[in-house]
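A.B. asks: So the chains spell out like this:
4 protein chains.
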Amino acid sequence: MSRKLRVGMVGGGGPANFFGGPHRRGILIDNSAELTAGALRSRPEEAIASAKELFFARGYGDWQSMIAEEAKRDDGIDYVTIVTPNDAHFGPALAAAEAGMGVLCEKPLVMNLDEAKRLYQAVKAKGVPFVVAYTYTAFPMVMMARAMVADGKVGEVRKVEAWYPQGWLAGSRETTADAAGQKQASWRVDPSKSGASGCGGDIGTHAYEFVRFVAGLTATRLRARLKTFVPGRALDDDFTVLAELDNGGIATITASQVTIGAQNDNGFRIVGTEGTLEWSITDHNTLKYYRGGEPVSLYRLGGMYTYFPSSITPYIRVPEGHPEGFHEALANLHRCLEWQIRSKTLGESVPDAMPLPGIEDGVAGMAFIEAAVQSGRQDGEWVEVPKVG
Amino acid sequence: MSRKLRVGMVGGGGPANFFGGPHRRGILIDNSAELTAGALRSRPEEAIASAKELFFARGYGDWQSMIAEEAKRDDGIDYVTIVTPNDAHFGPALAAAEAGMGVLCEKPLVMNLDEAKRLYQAVKAKGVPFVVAYTYTAFPMVMMARAMVADGKVGEVRKVEAWYPQGWLAGSRETTADAAGQKQASWRVDPSKSGASGCGGDIGTHAYEFVRFVAGLTATRLRARLKTFVPGRALDDDFTVLAELDNGGIATITASQVTIGAQNDNGFRIVGTEGTLEWSITDHNTLKYYRGGEPVSLYRLGGMYTYFPSSITPYIRVPEGHPEGFHEALANLHRCLEWQIRSKTLGESVPDAMPLPGIEDGVAGMAFIEAAVQSGRQDGEWVEVPKVG
Amino acid sequence: MSRKLRVGMVGGGGPANFFGGPHRRGILIDNSAELTAGALRSRPEEAIASAKELFFARGYGDWQSMIAEEAKRDDGIDYVTIVTPNDAHFGPALAAAEAGMGVLCEKPLVMNLDEAKRLYQAVKAKGVPFVVAYTYTAFPMVMMARAMVADGKVGEVRKVEAWYPQGWLAGSRETTADAAGQKQASWRVDPSKSGASGCGGDIGTHAYEFVRFVAGLTATRLRARLKTFVPGRALDDDFTVLAELDNGGIATITASQVTIGAQNDNGFRIVGTEGTLEWSITDHNTLKYYRGGEPVSLYRLGGMYTYFPSSITPYIRVPEGHPEGFHEALANLHRCLEWQIRSKTLGESVPDAMPLPGIEDGVAGMAFIEAAVQSGRQDGEWVEVPKVG
Amino acid sequence: MSRKLRVGMVGGGGPANFFGGPHRRGILIDNSAELTAGALRSRPEEAIASAKELFFARGYGDWQSMIAEEAKRDDGIDYVTIVTPNDAHFGPALAAAEAGMGVLCEKPLVMNLDEAKRLYQAVKAKGVPFVVAYTYTAFPMVMMARAMVADGKVGEVRKVEAWYPQGWLAGSRETTADAAGQKQASWRVDPSKSGASGCGGDIGTHAYEFVRFVAGLTATRLRARLKTFVPGRALDDDFTVLAELDNGGIATITASQVTIGAQNDNGFRIVGTEGTLEWSITDHNTLKYYRGGEPVSLYRLGGMYTYFPSSITPYIRVPEGHPEGFHEALANLHRCLEWQIRSKTLGESVPDAMPLPGIEDGVAGMAFIEAAVQSGRQDGEWVEVPKVG
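Chains A, B, C and D, in that order, are what the protein sequence lines are. At position 69 of the first sequence the residue is numbered 69 (full-length UniProt numbering), and the sequence of numbers has no breaks. At position 308 of the second sequence the residue is numbered 308 (full-length UniProt numbering), and the sequence of numbers has no breaks. At position 211 of the third sequence the residue is numbered 211 (full-length UniProt numbering), and the sequence of numbers has no breaks. At position 67 of the fourth sequence the residue is numbered 67 (full-length UniProt numbering), and the sequence of numbers has no breaks.
These aren't lab readings, by the way, just hints derived from the structure by calculation. There may be inaccurate statements among the hints.
Each pair may be met inside one copy or between any two copies, as identical chains are not told apart.
Said to hold, decoys possible - Pairs of lysine to aspartate or glutamate, EDC-like flavour, derived with a Cα cap of 16 Å: (1) Lys4 - Asp151; (2) Lys4 - Glu34; (3) Lys126 - Glu360; (4) Lys126 - Asp265; (5) Lys124 - Glu98; (6) Lys4 - Asp74; (7) Lys4 - Glu156; (8) Lys193 - Asp87; (9) Lys227 - Glu244; (10) Lys227 - Asp379; (11) Lys4 - Glu53.
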């Protein structure tokens with residue numbers, strides 16, 4: 001790579017923000033892109049302060065100026081990522097596309113189909129790269145499912161079941177949670193910020209994308225029930241759809257925000273004439289493949305397994321056999337050391353976080369191994385473990 | 001934070017390297033530290049080229065010069081992270097500590113107990129922050145287990161079972177795998193690079209750290225069996241220890257590199273007089289807590305749950321209810337867009353990777369929601385889904 | 001108990017019969033009832049032969065004569081169990097009820113609602129005990145769920161999801177399977193034997209009973225989609241219902257016979273204002289209970305656990321902590337010995353079944369323990385295991 | 001079958017008895033054997049009363065007279081099943097064998113190796129069929145594992161891990177539980193009734209039998225640690241063995257009675273040069289098979305699957321795809337009806353057990369299906385569900 005890519009971000013800077021942090025992690029994790037420009041909050045002065053605090057190279061008061069200014073620079077941003085509430089997707093996405101920039105936009109795309117069509121035309125006219133954050137399609141085993149469907153492994157698709165239950169809005173969180181909780185809840189149940197559907201727009205669209213991305217099919221007509229369980233809420237918090245698909249099959253697409261105990265448990269089952277594929281985010285490193293009369297096959301993430309097509313391997317970054325949370329664990333080790341240094345050297349205030357293993361643990365490991373090797377050589381005789389430190 | 005922390009890295013730059021990438025991801029993911037200095041490979045010219053290619057601010061030909069030069073600078077590195085094979089931990093760790101730098105060192109700490117003691121004295125003398133990469137202690141639910149043991153939730157610990165089976169060395173991978181596979185395998189089975197124990201040093205130490213970190217106990221004496229199953233291998237590839245602990249309890253600590261089918265499946269069970277805690281990396285977002293006569297309690301990662309002590313919450317970065325692989329999924333969305341831009345704008349060669357959802361998917365989602373809302377308002381009547389694009 | 005109960009059976013005697021065997025096991029397993037009278041097949045001579053072969057005390061050529069004759073006897077049957085296809089439930093059930101006998105009838109109850117009403121009136125008029133074989137309600141953890149709902153543990157029920165996917169009819173088994181397979185398939189897809197719905201009547205009713213039995217609710221109106229995927233089949237093989245419930249909540253009730261890989265995987269989720277209960281037959285010894293902000297609670301079958309109400313404990317027969325398949329395992333030991341005896345002593349032809357542990361294994365176990373005890377007393381020194389036999 | 005087999009039982013009749021009931025269920029469940037003779041308790045008058053109460057055809061005051069008398073009869077018992085504590089196995093087993101009867105004996109076989117040898121010689125001399133109740137070998141998926149090992153599916157066995165943790169003796173149950181609990185606990189911790197090892201003899205032998213039965217291997221020498229955690233207990237309540245096997249491989253065999261939360265969770269992992277097999281009773285319908293580079297294969301119980309060899313199918317009695325607890329669920333339906341009849345007709349006292357589905361539920365199911373069929377025919381229009389009863 002000749003250089004890191006330069007990324008601009010719209011939204012994602014406030015203290016109660018939900019997805020700005022995860023997107024920044026996604027941008028930075030591979031050491032291939034940098035946080036160049038940010039218009040991170042709605043009030044200009046806060047936006048500029050937030051960009052500085054979050055180490056963006058350049059801060060802007062609003063996305064309009066960011067896109068305009070960056071478009072003029074030789075070292076301007078390559079793409080814009082949009083992590084605002086739904087009502088603030090259309091403007092920056094359209095402006096960026098028209099400025100010839102790439103766009104990575106949170107879902108649902110915009111507020112309504114009319115905006116969607118206008119954005120679609122601009123994107124197509126300019127030919128800019130565009131990605132929608134249907135994040136669950138980006139798990140490697142979901143890609144694997146898509147590849148297997150495309151490869152005929154389930155035969156003709158008869159039925160797609162896609163689900164996405166959550167429980168966090170089972171109570172009136174928009175009025176009773178703490179400030180951060182309220183903020184996340186309140187715009188999602190506000191039609192002026194979220195659009196015509198609450199639960200359906202926020203997470204039902206994720207479930208529907210499994211139909212499109214994995215099964216490669218599209219709904220032609222549907223019956224829907226949108227229900228609001230929590231009194232006083234303006235939008236649906238439970239969403240059930242039965243759809244007919246363009247290949248003659250059918251789909252059930254269900255989503256809920258009131259299913260207590262469901263965290264974020266999306267998944268799907270693709271039933272075909274020859275087999276079934278099943279995936280759930282609760283075991284996201286595994287894809288289940290069923291055929292009649294055969295043992296169930298579990299495809300798992302991990303480099304020893306040679307069954308991944310080359311279109312998926314670039315998306316796999318964990319070392320052989322490791323789960324994906326591994327990177328966060330490594331990050332925790334680095335943060336633990338970093339906090340010690342920040343506190344001691346830079347005099348900063350840091351969290352009073354649990355100490356992770358230090359030099360004593362390293363030494364103890366060596367003492368353990370030394371004793372084990374000695375015992376092993378003596379056919380398992382008892383050996384004292386040396387005490388150090 | 002006043003500034004990002006400046007990190008130096010030793011090792012981790014070669015094409016077959018295993019842990020350099022994950023450590024860089026861990027350093028960068030939180031937007032709080034940067035890759036400042038690197039001595040990433042053993043040959044000086046390759047080391048310097050690698051640092052440039054991986055966007056380190058400053059490249060060095062060897063760790064000696066890196067530590068010496070950085071120690072002189074006002075903007076020198078805050079800490080060194082060491083990701084070399086075991087025989088190359090001691091030198092840079094000692095030098096960094098003596099230069100007053102922090103150290104994050106891969107495990108096992110060094111080659112033998114003697115080196116460990118010397119390093120320990122230097123670290124203690126200088127008072128530098130030091131973290132050992134017992135990475136599995138850094139999963140939030142492992143920390144939770146430690147906090148619960150410390151809080152008396154299992155009573156007095158009677159027994160610790162810690163395990164770490166792998167299967168990747170079930171065959172003679174050090175001679176038969178591809179180049180990258182051979183490289184990972186070959187130093188691990190070479191006593192001059194790995195130390196006196198292969199399987200025990202590489203992963204048995206991880207299992208033993210569960211005894212120390214989670215149960216807070218230390219082995220006082222032990223019986224060990226180190227077995228080499230694959231003909232011609234110089235070090236153990238299977239490792240079984242029975243240990244007595246300093247509180248009178250006992251532990252079994254087992255590790256294996258020949259357990260076909262085990263990917264990297266470490267975990268532990270802590271059995272006490274009042275209850276049992278159990279964790280496995282194969283379901284790393286969950287901690288199981290058993291007591292007599294009560295339902296089993298499953299503690300799960302996710303912000304809705306108020307049971308995490310404040311010493312752990314700084315280590316949790318996933319949004320409410322999301323699994324930790326979520327960040328990698330977001331990264332894949334960004335990479336997908338990035339590769340399109342790199343290919344199109346920068347003319348770079350990029351992987352022929354599976355396309356993730358684009359503008360068409362975003363539009364289709366809006367069409368779906370619009371139809372669903374309309375059907376919902378009509379008490380579930382059939383509604384056609386508009387076709388767009 | 002003063003005596004064993006005397007049971008009459010209608011149907012269940014043919015070589016391809018599916019449920020006769022399981023019902024006989026259910027009758028006999030507790031040593032409290034006996035197989036007294038049978039009208040087990042449709043042709044009289046086969047019926048009488050079958051009753052003899054299956055060790056019924058008295059065989060009859062048809063259910064009419066069985067009920068008439070038994071009703072006259074002092075030692076006549078106490079109840080009739082009906083395991084015929086759906087079209088042959090109504091007759092014997094009505095006759096038995098009118099004769100004052102108890103009835104245990106397979107589901108769905110009869111062929112249509114009209115028959116159901118007539119039977120209902122007869123049963124009520126006579127006041128006879130009557131049980132419908134909604135077998136899945138009889139798993140102890142399903143009863144536990146019912147008790148917890150009744151006890152307010154989920155608050156007010158908002159939503160019930162009940163499911164029952166199978167895959168065995170994904171192909172045209174009614175024409176292509178072996179004779180036994182065809183027999184099971186063919187009447188289920190024949191409206192004259194099965195009723196107006198195939199998949200819905202056969203297994204959708206099981207799923208609906210979870211709504212009634214566990215949640216204690218009844219559907220007031222519904223939307224249904226019955227789909228036939230396999231060409232040439234006369235009845236639905238896939239069944240989806242959205243229902244409104246009498247407490248204002250809603251339910252989704254889904255069943256399928258074409259979901260390849262699903263064996264018989266029924267289950268439910270009951271979502272209330274205060275919590276959620278979830279059960280699946282694939283882990284039938286466990287009931288999951290979710291509440292906001294708390295660890296998940298897993299209730300498990302096993303006598304150590306004191307949380308079962310006294311209305312459920314009479315239904316639990318496994319010893320402390322054992323799974324329910326345990327009885328079948330014990331039965332296999334007895335059968336293994338029995339087959340040896342039948343072959344050797346009675347000269348009967350028996351299956352060439354895998355030998356289970358014999359005297360050599362018993363002796364080897366003693367040798368193992370003796371060596372282990374000796375080694376244990378010697379602080380773990382190596383001890384040879386004696387060879388015997 | 002010409003007749004049912006005639007079974008005699010020794011022990012298993014007292015009110016606190018643990019395994020008498022399960023063995024009777026195992027004998028009766030297949031309608032192929034009957035309870036002919038019993039010497040069920042130690043005091044003669046109680047033994048005779050117990051046999052009557054449990055519907056044995058003939059009751060005896062002690063096993064000596066039972067074996068002597070039955071041996072003389074033309075319709076005498078075919079075999080004896082022995083379910084007494086360990087110290088009372090040898091006598092009846094030897095006597096039965098010498099009388100030419102078959103024997104099914106609980107494990108561990110006898111009190112010590114000397115008794116075992118004597119019994120072995122008698123059994124061999126007489127050539128009587130003999131089965132030891134290593135019950136966990138009799139799960140069909142354990143048999144499947146044995147068949148797969150024998151068929152070379154794991155290659156040469158390198159390592160067997162066999163485990164059996166329980167938690168029920170974590171406290172001093174032998175002195176503090178209720179009467180039934182005390183009885184089960186107290187003989188197991190009494191060397192005069194249990195033998196030289198408590199935990200090892202009671203459940204360690206089960207784990208060792210996985211080595212023999214599944215892997216087909218035998219320990220040649222071993223190191224053992226037997227530990228007593230609960231103060232005042234005379235026998236081990238925790239048991240750890242490392243063994244060398246006759247093929248050069250090794251085994252770890254662990255058992256515990258103090259692992260709180262473990263119910264009865266035995267299982268094994270067989271690691272070979274070509275693959276690994278893994279089974280746990282906690283998911284006893286599934287066998288996991290791992291090979292390098294391939295998806296994991298899950299073998300599951302259920303008749304659709306054609307992979308079972310003919311030596312195993314005679315041991316499988318559940319209908320296609322059903323779990324083994326299914327028989328108990330059916331039995332619960334029968335008991336529910338039976339209790340109604342016993343109470344009403346026979347005037348007996350019966351448990352106040354939860355009512356299972358009755359005629360109302362049967363009718364409601366028909367109403368539901370009728371509405372669903374009508375809605376299905378009307379393309380999913382709302383249909384009212386008729387109210388009945």
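A.B. asks: How do Lys126 and Asp265 come out at 16 Å by Cα distance, when the copy is not named: within, between, both, or neither?
C.D. replies: neither (37 Å within a copy, 48 Å between copies)
A.B. asks: Pop the pair Lys4 and Asp151 into one bin, within, between, both or neither, using alpha-carbon distances up to 16 Å.
C.D. replies: Neither: 35 Å inside a copy, 47 Å across copies.
A.B. asks: My question is about Lys4 and Asp74: at a cut-off of 16 Å on alpha-carbon distance, are they close within one copy, between copies, both, or neither?
C.D. replies: within (14 Å within a copy, 26 Å between copies)
A.B. asks: With identical chains, the pair Lys126 and Glu360 could be close in the same copy or across copies; at 16 Å between alpha carbons, which is it: within, between, both, or neither?
C.D. replies: Answer is between: at 15 Å across copies they meet the 16 Å cutoff, but 59 Å inside does not.
A.B. asks: Should Lys4 paired with Glu53 be assigned to within, between, both, or neither, using CA atoms and 16 Å as the limit?
C.D. replies: between (21 Å within a copy, 10 Å between copies)
A.B. asks: Up to 16 Å between alpha-carbons, please classify Lys124 paired with Glu98: within, between, both or neither.
C.D. replies: Classified as within: same-chain Cα gap 10 Å, cross-chain 59 Å, threshold 16 Å.
A.B. asks: Checking an output row: Lys4 and Glu34, CA cutoff 16 Å. Within, between, both or neither?
C.D. replies: both (6 Å within a copy, 13 Å between copies)
A.B. asks: Please work out whether the CA atoms of Lys227 and Asp379 approach to 16 Å or closer within one copy, between two copies, in both situations, or in neither?
C.D. replies: Between copies, since 10 Å is at most 16 Å while 69 Å is not.
A.B. asks: Between copies, within a copy, both or neither: which fits Lys227 and Glu244 at Cα up to 16 Å?
C.D. replies: between (21 Å within a copy, 11 Å between copies)
A.B. asks: At most 16 Å between C-alpha atoms: does Lys4 with Glu156 qualify within a copy, between copies, both, or neither?
C.D. replies: neither (43 Å within a copy, 51 Å between copies)
A.B. asks: For Lys193 and Asp87, with the copy left unspecified, which applies at a CA distance of at most 16 Å: within, between, both, or neither?
C.D. replies: within (5 Å within a copy, 57 Å between copies)
Checked against the numbered hints listed earlier, the structure breaks hints 1, 4, 7; every other hint is satisfied.
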